[in-house]
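Both chains are given apart, each in its own frame, so use the hints to dock them into the complex.
For reference, the chains in residue letters:
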Amino acid sequence: MAMGTRDCKHICDESSPAIGEAGKTGEWRSLTPVVHHSECIPAKQKKPSCFLCWLYCPEAVITKTIPIQINLEYCKGCGICMQVCPAKAITMA
Amino acid sequence: MKKNANKANIRLLDGNQAAAEGAKLSRVQVIAAYPITPQTPVTEALSEFVETGNLKAEYVAVESEHSAMAVCTSASIIGARTFTATSSHGLAYMHEMLHWAAGARLPVVLACVNRAIGAPWNVLNDQQDSVSQRDTGWIQIYARNNQEILDSIIQAYKIAETAYVPVMVCFDGYVLSHTEMPVDIPSQEDVDRFLPPYKPHTILDPANPKNYNLVTLADPRVNAEGILCHGYMELRYLLQEALQNSAETIMQIGREFGELFGRNYDTMFWKDSMDDADIVIVAMGSLAMEAKVAMDLLRENGLKVGVLGLRVFRPFPKDALAKALEKARLIVVFDKNISYGSEGATCSEIKSALYGSGVNAAIRNFIVGLGGRDIKARELADAVRQSLLSLKTGILNIEYPEWICYI
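Chains as they are written, first to last, in my numbering: chain A, 1 to 93; chain B, 94 to 500.
To be clear, the hints were calculated from the coordinates, so they are not data collected in a lab.
Chain B is nowhere near these chain A residues, computed Cβ spacing over 10 Å in every case:
(1) Gly26
(2) Arg29
(3) His36
(4) Glu39
(5) Lys44
(6) Lys47
(7) Ser49
(8) Phe51
(9) Leu55
(10) Pro67
(11) Gln69
(12) Cys75
(13) Gly77
(14) Gly79
(15) Ala87
Which residues of chain B face chain A? A few of them, derived with a C-beta cut under 7 Å, are:
(16) Ala197
(17) Arg198
(18) Tyr257
(19) His294
(20) Pro302
(21) Lys303
(22) Asn306
(23) Arg314
(24) Asn316
(25) Ala317
(26) His323
(27) Glu327
(28) Leu331
Quick caveat, the model's predicted, so the values are computed rather than measured.
Heads up, the beta-carbon is just placed ideally off N, CA and C, and yes, glycines get one too.
Next comes chain B alone, as it looks inside the complex (with noise of 0.2 Å):
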C-alpha cells in the first residue's frame, strides 16, 4: 500500500465530530440513533451531513435506543453498513438488542460516549455503561484521544466485517466528547482504499427467503437438506471462538491502518515507558493519558513507573498482558466503574491474565471518577505512593478496592 497518498488534513475536532468524521468516512449506509447527553453532537452531525448530501445514507430517527438497534441489526442482515451511537441510559436501553446484534453475527458499529449510571441523574463521564455491557458478545474499543475516535471507527468496520462481531467504539464524555482537539482527517480516497464495501455473511432477500434467528431447541437438529446444524449451544461457541480469534483481526487490521495511514494501531494496549518500569499503572480510555502525567510526576521521583493503557477491553489480550507485566513488582489498576460487590472490572480482568503466569506483582485497585468526579495526576499519583507500602509488606491483594472519594 501507499504511505500517506494524500497531505494531513488537520483539524480541531471534539469528540463527538471525530466520532460522526469517522462514520462518515466509513460510508454508513444506514445509521438510526436517538440523542441522548453527552453523545447528542454525533445524531446532529449525522444528519446534517445525511441532509446536505455529504454522505448518501438513511437517517432513521427512531423512538427510543432499543428501537436504533432494532434498526441496525435490520438494516445489516439486507446488506447495509449501519452506525449508531449513545449513551449512559440509552446504551442499557439498547440492551437486549446489543444481545441480538451479536448473536446474529452483524457487523453493527456503535460509538458509546461513557457516561455515568442513575440512580442518581448524572451526565457526567465514567465507564460504567460500556463496562456494564462487557458481556454481550461486542468488541469493545477504547479511545485515548479524539484522533484514536476517529481511526478506531474506521477500523471498527473492517474488524466487525471481517470476525462478523459488532463493534463498541467508547470514548469518554466531555473529556473527549466535548473537548477539541487536533485531529488528523483522512481523505475520503485513502479511506476507501483502506476499506473495502461490507460484504455480508448472509442476507435477507425476497427473493431468496430465510428464516432467521428462530427458536432453537437445545439440541442440533436436522434441516430439510440433511445436515445437521448448529444448535443454541454450538452458535454460542462460535460467538465465541469470534471472538477469540478477532485479537489477530484487530492487530493485523491495526497494522494496515498504520501502513496507510502513518498510525500504527497494531496493538491490544498502548505501552508507556514500560521498558524499565517495575510499577505499572494500568487505566482504560482517556485515563491512560491522565496517568501519563502521573508517571512523570513519579519518575522525578526517581520511581520507574510505566502506564499500560487498555484500548482493547474484549476480546481481553490475556497473554499479552501477563507477557507485558511481567517485570512488575507493583501494579495499580484504576477503573471508572465498578462491579459492585467485587472490584473495578479492568482489575478483575489483570488479576485473571496473571494467574499462573508466574507474574507475582503486588496489586491494588482505585475506583476514580464515578459521574465525572475531577481525577487528578497528582492524586493518581500519591495512590501509586500510598500502594508503595505493599513493596514493604508483602501483601500482594486486597479483597476489595479503594476509592479515591471524601468518605
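Bound-form chain A, shown alone (with noise of 0.2 Å):
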C-alpha cells in the first residue's frame, strides 16, 4: 500500500465524536431520499411544525429548518424518513 496507517498512532480502535469522523457514510447508500418540497408540512405551512423526519432520522441528518435539508454526505438511505412522513413528502429513488 503506498499509504499506510503509520500515522494513526492509537494501540485500538479509538475515535472522537465528530461529524465525519466514521468517514464519508453516504457512499454506503443505495437509495437516496428525495423531498417534495410543495407536500411537506412545514414547507406548506410555513410553521415549524411536523419535523418527524428530523425526529426519527438515525443518523441526525435532517435539519430541523423550513424548507428540511439532508446531509447526503452521510445519508445511509435506510428510508426511515419516507416511511414516517405523513404527507408522504419524501421518497427515494
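In C-alpha cells form, the structure reads like this:
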C-alpha cells in the first residue's frame, strides 16, 4: 500500500465524536431520499411543525429548518424519513 | 537499584494465597471475580483484604466470569489497575471477554488456577482450560511453584502495562493452589519501587469523550482530522507485533525483578542440567518440577537427561528454544492438555520451533495427568526409557501422542 496507517497512533480502535469520524457514510447509500417540498408540512404551512423526519432520522442528518435539508454526505439511505412522513413528501429514488 | 533492601519475610503460603498476596502487593484498584473451585480462596483472600482495609480497592462481586472480565476491561480503560482470577469453566465462560481485553489492549492481569474442563465434571488439575485460550491474544505465564506465582503476578503488571497486552498467570490447581510452600513475600516498599503506577495508553473520560472499539470495516478509514486510521486488520497486526516484541520485555522485566529481589526471571523457559543433556524432557508448570525428579532417576542410570520447563507459552520463544535444544537427540514432551485430533499443544509448538533449525531430534509426546490423574516421576522416567527406542529405529516423529493411562 502506498499510503499506510502508521500515522495513526492508536493501538486500539479509538475515535472522538465528530462529524465525519466514521468516514463519508453517504457512500453506503443505494437509494436516495428525495424531498417534495410542495407536500412537506412545514414548507407548506411556513411554520415549524411536524419534523418527524428530523426526529426519527437515525443518522441525525435532517435539519429542523424550513425547508428541511438532508445532508447526503452522511445519509445512508435507510428510508425511515420516507416511512414516517405523514404527508408522503419523501420518496426514495 | 538497591539489592534486597528489606529482609526476607518467608511465610508458608498455598498457591492461592500467593496469588492474592501478589495482587495486593501490586496495589490493584479494581477486583472483579466469581468464585470457582479451585480458585475460590483467591477471591476470599482479596475480598477480606478489601473489607479489612488492608487493600484500597473496589471489589466487585459479579454474577459471572463473563461479567468479571467485562468489569476488568471497563475499569482498565478508565485507568484502574485490575485483577481477576478464575479456573476451568469460568475461564471458558470468559472467553469472549478475553478477546475483548486483548483487542482493546488493556493490561488486565488474570490468575488462572488450572483445572480440567467438563464433560464429565471434574474439579482437579490439568491445563486444558488455559491452553484452550491460547489464541485470545493474552500473554501466558506458567508457574512451577508458589514463589513463582507471587513473583509472576507482580511482574505481570509491569509486562502488561509496558506491552499493553493482558497477562494470564497460570498455576496448577491443588498441586500448587492448595499446597503450602515457603514463599518469600517482598515488602510493599520494594514492590512499589519495582512497579510504577499504571499509565493507560488511552483513557475514557467524560471531559474528553471518545468512542472505543466501534464497528470497524474491512478497510482503514480517514477520520475527521484527515488521518488514515487503522482498520480491523491493522489493529490485529499491532496486537501480534506487541506479542512478538513482548518476549524482550518479559525477559528485561524478569531481569529487573531479579536485581531487586534476588530471584532472576530473565528467561522464557527454565533449564535444568541442560549443558550435557542429549535427552530433554519438556513440561510446563508444576510438571517441570516433577520432571526434575524423573531426570534424577534417569541420570542414576547414566542417561544424560535435562529438563526444559516452559514458563511463557505466549509469546512462544521459538528461536531460543531451538537454540536450547540444539544438542538434543531425543525430546520427550509431556502435555497436561490435548488438542483433540492432533497432539499436546506444547509438543506442536516444539515441533514448529524446530522446523528448519537443523535440530533433528526424535520427538515423543505423552499426554499425562488429565483431570487430576496422579503423575509419578517413575512413570515419566519409564516414558523416557520407552522413547529411547526411537534412537535405535531412527523414527523421529509419530503422528499421534501416546497416553499414560489405563487403556
